[in-house]
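**Q** All chains should be built: construct the whole structure from the sequences, respecting the hints.
So you can see what is in the structure, the chains are spelled out below.
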Amino acid sequence: MSKRKTFRRHFWQAADSFIETAVTQNIVLVQAIGLCPIIAAGVTLQSGVALTACTAAILLPLSLIMPFIGNYLPKWLRPVVYVLLAALLLVGAAYLLETYISPELYARLYVFIPIIAVNMLHAHNASMAQTMHPLETLFEALGSIVGFGAVICSISALREIAVNSTLWGHPVGIGYVLPEVASPFTAFLMLGFMAALLQWVRQRVSAYFRGKEAEHQ
Amino acid sequence: MGMFLNGVVLPFQKGNAPLNKIEDFRAQSSVRVPLVRLDMDTPVPSLPFEENASVAAGSVLYKEDNELPVLAPVAGTFGGTVVLQHPQYGKLLCAELIPGDGDEETLPVIPTEKLTPDDIIRIATEAAIYDELDGVPLAEKLACWQLPENDVASPNYVLVADATENDVFGSSAWAILDEEPEAALLGLQLAAKAMRFTRYHIATMLPKDKRRALKRAINRINVYTVADEYPVTQYADPRDEVFRIGIQACLALAKAVQEGRKSLTAVVTVAGDGVIYSRNLRVPYGANVADILAACNVTIEVDVVLGDAMTGIACPDTHTPLLPGTTTLLVMKPKAARVPQPCIGCGRCATVCHAQLLPYEIVRRAENMHFERLRRLTAQLCDGCGACSYICPADRDVAAAVLRAGETSGPVFLNWGGNEDE
Amino acid sequence: MKMNNNPAPHIRTEQKSRHMIMDVLIAASVLYVFSVFNYGMRPVYIGLLSILSSVTCEAICCLIRRRSLRTLLDGSAAVTGALIGLVMSPMVAYWVPMVGSAFAVLVVKAPFGGYGRNVFNPAAAGIALLSYCTPQRMFTYPAIGAGMQLPLDMELTAQDASVGTSLAAQIRDGATPTVNRLHLLLGDFVGPIGATATVILLACAAYFIIRRTASAWTILPYLITCVLCAWCTPCTGLDTLHSILAQMCAGYVLFAGVFLLNDPVTAPRFWLGRILYGVFAGALTMLLQQVGRMEAGSCFAILIVNALSPIIDRWSYYGWRNITRLLRIRREVKAHE
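Chains as they are written, first to last, in my numbering: chain A, 1 to 217; chain B, 1001 to 1422; chain C, 2001 to 2337.
These aren't lab readings, by the way, just hints derived from the structure by calculation.
Once the Cα atoms are required to be at most 30 Å apart in a straight line, the calculated DSSO-like pairs of lysine-lysine come out as:
hint : chain 1 : residue 1 : chain 2 : residue 2
1    : B       : K1335     : C       : K2016
2    : B       : K1333     : C       : K2016
3    : B       : K1215     : B       : K1193
4    : B       : K1255     : B       : K1215
5    : B       : K1255     : B       : K1193
6    : B       : K1255     : B       : K1021
7    : B       : K1208     : B       : K1014
8    : B       : K1335     : B       : K1091
9    : C       : K2016     : B       : K1014
Covered stretches of chain B, as calculated for chain C (at least 3 residues, CB under 8 Å):
hint : region
10   : 1312 to 1326
11   : 1335 to 1343
12   : 1392 to 1399
Example chain B residues on the side facing chain C (calculated, C-beta under 7 Å, incomplete):
hint : residue
13   : V1305
14   : A1309
15   : C1346
16   : G1347
17   : A1350
18   : L1358
19   : Y1360
20   : G1386
21   : S1389
Quantities reported herein were computed from a predicted structural model and do not represent experimental measurements.
We put the CB at the ideal spot given by N, CA and C, even for glycine.
**A** Dropping the structure here:
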């Protein structure tokens, strides 16, 4: 098989896994990973975006590194190395966040940034067990980031509007404020409804395709 | 409460039928006797009669090897054969008899003391006695359960003549016990002799005064009183192994041995809110349901059920013959269709289940197609008594769904879904 | 001749599920009538508006799911509204129970598939939401006085009615409850609309058990556990019996045991599971009453055990079946020896 063909096969597999982790098997709504930062810290859109950026800063380099060194490590050592690398990257990301972006934001988020690292460990544990093409792991990491980011950004935006009547610090102009929405249980409710919505859409889409298939036959 | 009592207590709706005498019923239109089932490519048998030949009651119409002879239940003329769909037995080829006058054929009478067990089974075969509990030939049951001579295990085995009638409307067994208790007991003794059982009794659930009269008529130790619940779980002492035959089969066996009369009729209770009063009729096998309804002066539009309220099968056509295995004909005024509501989880179906199943959970998993998770719930133990459907406050057909689930949770589905679906 | 094709059995029991719901509504209406003597007509309006809100939301859900509006007639939405109205403070603003009922139906009941399929008790969830979000309005009770008529305005302020300290607040703060035993039994003390009438609540429980609307396997273990827990943590300055009675009457303990816990949809169905469920709920309720900061501890306790009830149900069934099987095998082995 030519090199080009191999690349193309890997590319399509990677795109497939991207769609899977981002939408159909959404990392938050279906696999229930990374709930803690969303529920506790996703109160304003700013923190949501910052958490997404931190996730990206950890996951993207890791997904490029791990396929190359994963082969040479025994199975039991892989998670340990993964966590250590994630922590290293995290220290860098946190430093950047504190010094160059916003110290207050860092002060608000600093507990939840390490939690991301451990959460993402679970997300990638399965993919680390067998060695994969770097392209695939990269796309999967991208899918995780997009899926996580979409959920946390939408939830934190909604909560910011409801609690402070602002969006990214700018007033939206709704006079009515619901301070209870900042509490964790509303985030649980929102997540539940979003998961239900995703299931509904998936069912609709698969029913549509099944109908088309039946027509085709 | 639930923990201590399994089964349901059904309403008493037998009316005056067990108090009145059994009435004789004379078939007016045709009588149809099933010859063979047509479920396979059965060759149509040739009959020894031509059309319009006169037939004596009890004469053999057709005989297959190793089967009971098919007898003519009434005297009359032979009117050809018909194929019909029976709700209980499927597609049947029937001989049609036009009732008329004629004699009754009998068997030779042998003194009771000289009978060997095999003689009794032969007489049960020749007299074409069917067990009314399930429609199985009595001779088949006797031969199947017969113990070898001098069996040591026999003290644990009890032969029970089932006269409980614990269902809602049926009372034929009570009426028989009222009219001919001695003959019924003799038949039971003969059956026990044929099976080489040493212990036997009549299990019944009569009202108190009737029970006293019965105990005076036959010996007290031959009567066992069951608890008033549906379904009956104890026909004898809990340590004993119970073998059940019907009381009408016992009576027929006694008549066949004593008087040489073949078994041509069954006592059938016609009851329900579609008839003015419920009564017991002595009906020849194969009589039309429409004939029986006419004899009971039913003129309004009714739903007919072959069998009793709890387990009966709805009868789609009144030109259905009444066959062995039916002792109750339920005539109901037509009702609006039941609308099943969502299960509210009252848990009564689990309370009344005598097999200790969880009907609600079985139904839920079967509805959600979790067949692989049905295995631990052992739905195949369900015998379809219908107590759960009766008690369900949401009008759901629980028993039917559990039976269906029991069929699907067989070995085919053991690893069907795999672990990924759980 | 037309013939039916219904499967057996051909007769059904007379007791239908709508009768069970009617029983709950009857019992709730008794409590509303009782509250009229204490507070005037305001509690009745609260209850009616709450029912109106829940039924309207149920109708909206029926329309969205393209169900026939006849499903409203089963009355489950009305029960949710009536129960939420019963635990309101008599001087609560009218919109509070309406919001609670709407939340119960729109969020807790309908998305799971409606009546018969909800995981959590909708009424308990609605009460929990309200006590979490508007504790000031929920737990500000008017002082009780014979023949008092609360004004029927939308919002009541402290000027309209004198505010009293509820029994649950007294017990939680470690003070000696000031209500004597007779008043505890008669419901003559500061508290929610329907959750104070001890004798009526016990009568409702007896009514439910006799009518087989609720199972004694749930109510009795719950009450016994609550009494035992109350006995272990006596109030200061009261004798044992009085202290137990005061703790049972405080908050929603009795009300939750009689009305919320017995919702058959969310309770286990096997009798052993029901006993365990009642015991868990009772212990958790008394724990939350002792250490929680809200009077509605029993609602949170019930929501927690609701989540556990399928597991309790299954495990208790399998456990019981295995035990009986072992016993039977042992008996048979003995008989053969």
